[in-house]
Amino acid sequence: MTLREGSRLSISSDVPIWRDERVLRGAAQLISAMLMIGALIWLVTNFIQAAEQRGLPLSYDFLSQESGFPIGESVIEYDPSRPFLYAFLVGLLNTLKVSLLGIILATVLGTGIALARMSSNWLLSRLALAYIEFFRNTPLLVLLFIWYFAVFNRFPRVRDSIALPGPIYLNQRGLFIPWPKYTTEGLVFLAAILLGIITATVAWIVLRRIRERTGRQTYFPLVSLFLLLLFPALAWNSQGGQTITWDIPLLEGFNFKGGTTLTPEFAALLVGLVTYTAAFIAEVVRSGIQAVDRGQREAASAIGLSNAQVLSLVVIPQAMRVMIPPMISQFLNLTKNSSLALAIGYPDLFAVGRIMINQAGRAVPVFSMVMLTYLAISLFTSLVLNLYNRKIQYET
Amino acid sequence: MGATTIEQPIAPPQRPGAVEWLHKNLFNRWYNTILTIVTVVALFLILRAALEWIFVSADWRPITRSPLLYLVGQYPRSELWRVGVSLWMVSLLFGLSWGVWRGLFRAFALALAVVLSAGVFLPPPEGSPALLFRLSWLLNPLLVFVGFFVANRLRLTGRHILIGWVTSSLLIPILLRGIDGSSFLPGVTTSLWGGLLVTLILAIGGLLLAFPIGILLALGRRSSLSVVHYTSTITIEVVRGVPLITILFLTSIIVALFLPPELRIDRLIRAMAGMTIFAAAYMAENIRGGLQAIPPGQVEAAKSIGLNRFQTTFLIELPQALRAVIPSMVGQFISLFKDTTLAVIVGITELLAIGRAIIQSDSEFIQLQAEVFVFIAVVFWVLSSVMSYSSRRLEERLGVGET
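Protein chains in written order, with our numbering: chain B, 1 to 396; chain U, 1001 to 1403.
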């Protein structure tokens, strides 16, 4: 079926200019652009005018001034004589700290709950279901209030601390846990562990690739395991059995000394975020694993793979493809939800931003910084994970 | 071939007996047996501690003293009938919708009837006739069924119901707010509203207002006009990239700094604006997903019968896309409902804020924070669970996930 060239031409030349698709589109582009730019100019000028009238300066020059307010806890050293920008950084680091730890712990807990949910044990599976249903249907802020006001604030006084194996001590002032001491032996040992992990990974990848290419048995799991243990063992031997020394919390006078302390605010926020997000992650993991076709498993067993191989070579790689995108959004949710820290007094980005607004009287500059920072974290995380996601998806 | 085999009729599989079931589901392997025992012991210890706390050591006075505070906050007790009438309207509309849309609304209507009947157990406010108070709650389930039968009898259509929903969503705020200076409907400022009433208003109002904005953003993101496309995309991504609390803070506090003093917007409306923007961005992505799922043949067919762009979008694409995303809308409503608690941070007296106010109202209650917050958690949990259960029924009905 061919269309005569002449007929097409005659049709298009019959169309009047006000009905020509290309002209209409161009006009619409132009009009929408003008409207948008006009609205933007109107908003911005109004905004600047109002800011001047109210005496709300829009400049960022205050950032180098002394902040003058204390912050409850900080990853880096901080005192009120530091500038505002530094205080902002403290808030950002606190947000990153709780988010990063939260993401790791929530993934571990969530995977555990997903496995329990899929267990053939009826009771365990129902229990996991109850967990998921409870946390998915309760607001996070209420849960945080329960964790903070009803649990972590209700712990006994320092004298009557609850002692857990570890030793970990729980009391009103927080969670006291052992922490590695900064010693040369410890550093050497740590370096040896790291070296072991790196060489083991390299050996795993290289030997596995050789095996895939040539089909020769290279015993890569055994070699990797050997390397993984070799370096720490060498370090242990050369230092005469000295490894990492732990700094153990001890009650001295009215408080615990040594180890490291998690403040009640941090602990409540972390526990709240982890237990809440784990319920969502559990559902992501479960649906990911269930999305793998049954036939895949059966086929894998049929060609003689062991159970572990079926999981690690067939099921998990395919489940990952389904799991990664919703997992990204759960990680981002956790990071964004960490802004609820304000309600229980943990000095995160948003909470510090709020103090800065009061302290410096610059609502708009501070607030724009807070929002842009959150946006940057979100975009950066999703960018990195999307790149990873693209790598593991089917090549089309 | 040797001996002929006689076909044995195979008995249908029987339901496993209790012992067999236990063996199969709890004790089939040695590790499962250990797991079961450990779980049972843990469960027993947890349940015993929980029951002991609920029935023995917990002190529920902060809740039992004035449960109405959790429902409506400081709403004048003499004007409570307005809240009651609003509920009746909602019940009737749910019933009517059930009658017209059947399975789509059945689970929600029945759930509403059950939840509202539970109001019978509330103690009536002082100075009001107890019987009337209790009966007014029981009128709700009745209205649901009346609505169902009326819709059937009068053969109402979706258009009638939509008109009903739109008019009542305009009427209810007026009814609750009243008119300043009038004697029949004296004005009740929103600062007196509180509790679950405000929580629901924020969630429902936010969702209803977000709906048209979300549709526009979704269409905008798919637009071929680059300015519209980029504006919509940036709006959606920025709102989704920041925490809800920053948006609430922006609309409640920052924007208010710049409005002229004579233009004071009500606090509740400012918070609702924040919820709306937030919900709209997420909804836009849902709707966009629905739009993308429409087979291209639909659009081509629409074009070939001579529909223009506008008609194709609003008569062919959107109705199908919206139908496909109904379940995820319900999911979004549930999370919006939970997210309303964040309004406490910008000073709205929703349910959680009422809880905190009650704790601070009495020095004895300072020690009873656990009771109050657990109660609020349970309220949210019950309502959200009812909604998500109903939405699962809806999904079954719509056959989502089936091909």
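No lab work stands behind these hints, which were simulated from the structure alone. A couple of the hints might just be wrong.
Counterexamples of contact, computed for chain B against chain U with all Cβ distances above 10 Å [unchecked claim]:
#, residue
1, Val75
2, Ile146
3, Pro165
4, Ala191
5, Arg209
6, Arg211
7, Leu222
8, Gln309
9, Asn337
10, Leu387
Computed Cβ-Cβ distance ranges for the label pairs, DEER-style [claimed, not checked]:
#, chain 1, residue 1, chain 2, residue 2, range
11, B, Gly258, U, Ile1265, 32 to 40 Å
12, U, Arg1048, B, Pro325, 57 to 65 Å
13, B, Asn307, U, Val1040, 26 to 34 Å
14, U, Arg1134, B, Pro178, 58 to 66 Å
These numbers come from a predicted model, not from an experiment. Glycine included, C-beta positions come from ideal geometry on N, C-alpha and C.
Failing hints, ascending?
Hints 2, 9, 11 and 12 contradicted; others consistent.
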